[in-house]
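Using the UniProt record's numbering, read the sequence shown as starting at 1 and increasing by one per residue.
Watch out, some of these pointers could steer you wrong.
For each label pair, taking beta carbons as the anchor points, the in silico distance ranges come out as [as the list claims (entries may be wrong)]:
no. : residue 1 : residue 2 : range
1   : Glu136    : Ala323    : 20 to 30 angstroms
2   : Thr160    : Arg296    : 17 to 27 angstroms
3   : Asp60     : Ala323    : 34 to 44 angstroms
4   : Ala323    : Pro209    : 46 to 56 angstroms
5   : Val231    : Asp337    : 40 to 50 angstroms
6   : Asp158    : Lys235    : 30 to 40 angstroms
7   : Lys232    : Ala175    : 18 to 28 angstroms
8   : Ala323    : Gly127    : 36 to 46 angstroms
9   : Lys333    : Arg92     : 24 to 34 angstroms
10  : Asp60     : Lys235    : 19 to 29 angstroms
DSS-like, lysine-lysine: derived pairs with alpha carbons at most 30 angstroms apart [to be verified]:
no. : residue 1 : residue 2
11  : Lys283    : Lys235
12  : Lys223    : Lys235
13  : Lys33     : Lys235
14  : Lys283    : Lys223
15  : Lys223    : Lys33
16  : Lys302    : Lys232
17  : Lys33     : Lys283
18  : Lys283    : Lys333
19  : Lys302    : Lys33
In short, the hints are calculated from the structure, not lab data.
Backbone N, C-alpha and C fix where the C-beta goes; we use that ideal spot for every residue, glycine too.
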Amino acid sequence: MRDAGVPLGGYASVAPTPGQYGGRRIQSVTPMKNEGPYILEWVAYHRLIGINDILIFSNDCTDGSDQLLDRLDELGYIRHYGNPSVIMNVERHHLAVIRYLNTLSRVHRADWVVSLDADEFICINTGDGTLDALIEACAGADVISMNQLNFGCGGQGDFTDELQIDRFIWAQRYAGGKNPTGQRRGVKSLTRIGAPVVAITNHSPRPDPERSAELTWVNGAGKPLPQEMLVKEIKSFGEELCAYDLVQLNHYALRSMDSFLTQVFRGNANHANRAADMSYWRKHNLNEQLDTRIQRWSAPVKTAIAEMLQDGELAALHQATVAHHRAHIEELKGGQDLSRLRRLVENAHNRGWPELATTEAGASTSRNAPASGLRSRPATA
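Model the full structure from these sequences, guided by the hints.
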């Protein structure tokens, strides 16, 4: 079914108020459900790198995320909407947001737009690490597609109220590695409004078939895609186009072992499929190389969050979501089914982790040591 809405190439973007980030209006669109403890970091980080029009669509929240998002909206950090899926009686919440997005006049007021998930962080590896630097490095591009880089749990077992970008630093290899799905890796795309495309989709835009020759689409190294690819939306790149030179999309798909339980419960509480859950864990728990490039933003993010928490109501709402997640994890671990899954994921992690890893000081640490204490790791078969 074709996405609703007028062709995105049919409008010129409206110039934003001159200011930071070259005066560009850079917009993100994200669905969320029960992401409460992680929201402030995600918002603070993406505002710092240059997203200045954050649209979040929530659905069916039980952890207080919706109230926290409302407060962030009231304070001017984001715009919070209910996901239209809740009145459409559909389960495909991402698709509902994207289809709605393509009807919004607000999109046409942006200069660039990107669809992101709550566990995805755009990490820019050029210039000062901002989206402005990325756009300048890819001068002339209409679409910049960034490859996901999956981060494993790195031995982190507990849920804590700490920055994900500090806790999770072990990722899959930039090329090759043990990803059981082969060498194709997912993409998300930053799209210029006014480009010859007819719709935004979750991973990339849909090219205008009559104007595809006018479209300049580049990968994460700024390399143009072959013209023959510019006929439909693109969800992933093979090894020949996968690149992280200028930008990567850090994907914290698992977070900690305890946090993974809440994801499992959220995804299939009524239709448990533990074989599928373990397959997902093995697919994403790829602790093959150290990657701390995003940590240039750790201190600024902490400062930004501290400023946010000066608002007493927001601080209380954040702490309420943290408390909810802690209690929910303990409840899940108290049940036979998910307590067994917790043991399975830890055992699976341990089997794939070397007996010893080496710290910068040369001291040995056990395979269960937090990743923050590790600095090198031998290659494994």
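To see whether the hints hold, each was checked on the structure:
Against the hinted window of 20 to 30 angstroms, the Cβ-Cβ separation of Glu136 and Ala323 comes to about 43 angstroms, which falls outside the hint. Between Thr160 and Arg296 the beta carbons are some 22 angstroms apart, a value that agrees with the proposed interval 17 to 27 angstroms. At about 20 angstroms, the beta-carbon gap between Asp60 and Ala323 misses the expected band of 34 to 44 angstroms. One distance hint, 46 to 56 angstroms for the beta-carbon pair Ala323 and Pro209, holds here, with the actual separation near 52 angstroms.
Between Val231 and Asp337 the beta carbons are some 45 angstroms apart, a value that agrees with the proposed interval 40 to 50 angstroms. Here the CB-CB span from Asp158 to Lys235 is close to 34 angstroms, well matched to the stated 30 to 40 angstroms. Taking 18 to 28 angstroms as the suggested C-beta distance range, the pair Lys232 and Ala175 conforms, at roughly 25 angstroms. In this structure the hint that Ala323 and Gly127 lie 36 to 46 angstroms apart at CB holds, the actual value being about 40 angstroms.
About 30 angstroms separates the C-beta atoms of Lys333 and Arg92, a value consistent with the hinted range of 24 to 34 angstroms. Take Asp60 and Lys235: their Cβ atoms lie about 26 angstroms apart, and the range 19 to 29 angstroms holds. A C-alpha spacing of about 17 angstroms is found between Lys283 and Lys235, which places the hinted pair at or below 30 angstroms, so the restraint holds. Taken as a hint, the Lys223 and Lys235 pair is honoured in the structure, with Cα atoms around 17 angstroms apart against an allowance of 30 angstroms.
Note on Lys33 and Lys235: the hinted pairing holds, with a Cα-Cα distance of about 23 angstroms set against a maximum of 30 angstroms. Restraint check: the Cα-Cα separation between Lys283 and Lys223 comes to about 28 angstroms, which is no more than 30 angstroms; the hinted pair holds. Taken as a hint, the Lys223 and Lys33 pair is broken in the structure, with Cα atoms around 35 angstroms apart against an allowance of 30 angstroms. Straight-line distance between C-alpha atoms of Lys302 and Lys232 comes to about 40 angstroms, which puts the hinted pair past the 30 angstroms bound.
The suggested pairing of Lys33 with Lys283 holds, with an alpha-carbon distance near 23 angstroms, which does not exceed 30 angstroms. A hinted pair counts as satisfied when its Cα atoms are at most 30 angstroms apart, and Lys283 with Lys333 qualifies at roughly 23 angstroms. The straight-line distance between the Cα atoms of Lys302 and Lys33 is roughly 23 angstroms, inside the 30 angstroms bound, and the hint therefore holds.
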